Amino acid sequence: MSGTKGWNRQQMADRIAREFQDGWIVNLGVGLPTLCSNTDIGGREVIYHSENGVIGYGPIAGPGEEDLNLVNAGGQNVTLKPGAAVVHHADSFAIIRGGRIDATVMGAYEVACNGDFANWKVAGAKGGGIGGAMDLAACARRVFIILEHTTRDGRPRLVARCALPVTARGVVTLAATNLGLFEPAGEAFRVRDLAPGVTLEEVRAATGCPVLA
Amino acid sequence: MSGTKGWNRQQMADRIAREFQDGWIVNLGVGLPTLCSNTDIGGREVIYHSENGVIGYGPIAGPGEEDLNLVNAGGQNVTLKPGAAVVHHADSFAIIRGGRIDATVMGAYEVACNGDFANWKVAGAKGGGIGGAMDLAACARRVFIILEHTTRDGRPRLVARCALPVTARGVVTLAATNLGLFEPAGEAFRVRDLAPGVTLEEVRAATGCPVLA
Amino acid sequence: MSQRNKVVASFAEAVRDIPDGATIGFGGFAMPGTPFNLIRALAEQGARNLTLVANTTGGAQQPRMPDIALLVENGQVRKVICAFTAATRASDVLPFTKYYEAGEVEAELVPQGTLAERMRAAGAGIPAFYTPTAVGTELAEGRETRVINGREYLLEYALPLDYAFVRAHRADAFGNLRYWRSQRNFNPVMAMAARVTIAEVDEEILPVGAMDPDDVHTPGIFVHRLVKVPPPPEGLWPQKRQERNR
Amino acid sequence: MSQRNKVVASFAEAVRDIPDGATIGFGGFAMPGTPFNLIRALAEQGARNLTLVANTTGGAQQPRMPDIALLVENGQVRKVICAFTAATRASDVLPFTKYYEAGEVEAELVPQGTLAERMRAAGAGIPAFYTPTAVGTELAEGRETRVINGREYLLEYALPLDYAFVRAHRADAFGNLRYWRSQRNFNPVMAMAARVTIAEVDEEILPVGAMDPDDVHTPGIFVHRLVKVPPPPEGLWPQKRQERNR
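Residue numbers (the working numbering), protein chains in the order written: chain W, 1 to 213; chain A, 1 to 213; chain L, 1 to 246; chain V, 1 to 246.
Just so you know, the hints here were simulated from the structure itself, not pulled from any lab data. It should be emphasised that the depicted structure is a prediction, and the values quoted were computed from it without experimental measurement. A couple of the hints might just be wrong.
[Claimed, not checked] Simulated pairs of lysine-lysine, DSSO-like, Cα-Cα distance not exceeding 30 Å:
hint: 1; chain 1: W; residue 1: 126; chain 2: V; residue 2: 98
hint: 2; chain 1: L; residue 1: 98; chain 2: A; residue 2: 126
hint: 3; chain 1: L; residue 1: 98; chain 2: W; residue 2: 81
The following block holds chain W by itself, in its conformation from the complex (with noise of 0.2 Å):
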């Protein structure tokens, strides 16, 4: 793909980010699901939960605003917004497992055109990261996936069927790429949007199962 086409990682979370409603309940991913946050959605109040049990965390805190005991997801020193409310672990997954996630972003290395995704053990690791991520997938009412639509060497991560353990089976709603917006739809996926400048041709020759425009 050439560097001027296409969304850029930003880009690829403001297309999920558009997809959150008005009072939902919102869990993002460490990396590039954090930058749905930094999107314009108008009116729309979202509500972000953390697996710490942070309700309602507000931006990253800036340099001599951290609180030292404050984190998400990722670590980083985040800021409260009003009304927020803090719950112990247990407490917290009873949330994303009793289904009040309305919708979990994450990264992901595969993702199948099934509804199956890979993101927690890369080929040939003894150990595996899965923090979260397989109550979220399991249990969220929407699991969004961002991702590159290829590896670094040009294989598809868009597939029929993942090669790489998967996190949870049948669960995807949607994967953005930097080449569109797509859902999972059986034995294909199916195109919801193209990125500027990105054709269906050129999708379809990155994407390692059938694409339905």
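With chain W fixed as given, assemble chains A, L and V onto it according to the hints.
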């Protein structure tokens, strides 16, 4: 039994309360067991727990001292001791089920020498009143029962096997009656204490199974 | 969050949408934490064929207050799920007993800790769990048990609620709640278990941001409607208990 | 309760009795709530063959702090039970990885919510429960599942602890604890799951009776030893995070 020998209600409770050790967490059931909190047990400190999540309650509130939003398991307005804490019902029973209650004291209709007891349903009733009794009976480290040795019409309450539906099986540590203190010992009760003026023969005559000295 | 104001003007409005056949949990253990005002409004609203979850079937308190016994007497109840379905003293007769013995209302008798845990499980996305409580009793007859590490346990299922009626001491407009002393009891657990939680609140409802995040007992995400309880006699408040003669 | 003072003079004294082979839970999620001072004392104490339960295997924070990676490097650890046993970025290498890949330390990888719930279950006397988390994944291979109301769930067992090391913001001498903001995280759950809970505390320990009963996050009945954290440099406190160059 003569009205002048044996223990009265407070003395039955006193005998059980003297088993409490320093630092124990104790749950007192409604009725007779409540009297245990009146007993002078010297310098030993006991923490009273109530099913509704009160940890560290003190004496019944005096007139004018009542907090109408603070009750014990019997619905009486109580006071709090310094160091008290309040938790919700699931956490309160986590304390019970998790094995943190050193002793529970309950009333009963029947206690059997195999350690079973019955206190939630009377013969022929359609409903029952279990409350927290089954959780406490199954999970407290020690189950102390206080009951009259016989029914009003003279039938034994200490029996070989419970006729009424049981609350839990094989859990009774000690039973205090107006005649003494008794320990379930399999196929018999063992006498731990006889109340003043009560003979072993009188106990045997009033008990529905063998009694060991 | 600051814009989302959950305050409702009246108890009638707060319970208006409750349909026939709903499953409703009621906080409260004796007087403290019992949502008397919402219960009275539900009696006036008239929804029928309800399944009610509470510690007791009500009607035992003196002075008598609007509790779920009122709804039973009102013919609104199909079933109760409680830790007490009869009085603890055989000599007492509860209002519920007459309807139960006549077969007009069903009852499911559940040990109190199991009742709380089943609702906590519903709120926590745990569909079932094992407990030592009630093993070997009539309540376990014919039911599934399992031996784990040498001890026998009973399988219990989550108990989800359509609505929870709770009573809190303090709230902000987003629905963050605090309870006073033993007012807490079942209320936080029922709020977790319910799709819709309606809270009646002792104090004036605070603006969003007025409650410290570390002081919240029930997070506002579990709470959907708030009504301030008016002073007596318009609003119902816990009463000093009258001992009955026996 | 007023006489029972759980304050211990030093971290060394607080951890002195921990035997080889113990299972210890460590609160903390990133810096907040991590009992750095107790961990350092345990490294000095030298107990071996330990099973450690924590969110991560440690060693990823900048600046580097005494976390469970220190105990691994110190040769004190037989096994870790964590939600992360590898770095989330393949390019990062954790101190733990070397020992794990060499087979010197075992690891059990548990989803974070399941980890919290397994300890909560241990504290609540629930020996096992069902969860939707990890169904259909490598973690569920060969394990027992069950379909309940049409959905598949995985059976998980309680995870009891011998000791919990927690960090709190405020305590009274009976051990009632409060946490500050996200310092709370796993700490209350680990205190429930442990036979013995040892707390390091930010503020001066209050006399019994100084904390409102409604403000307690972890009741003192779950807490056995308290140590006040001295000011830096003697005491260890959360540091401002340094972003690593990548």
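Hints violated by the structure (numbers, ascending): When the structure is compared with the hints, only number 3 turns out to be violated.
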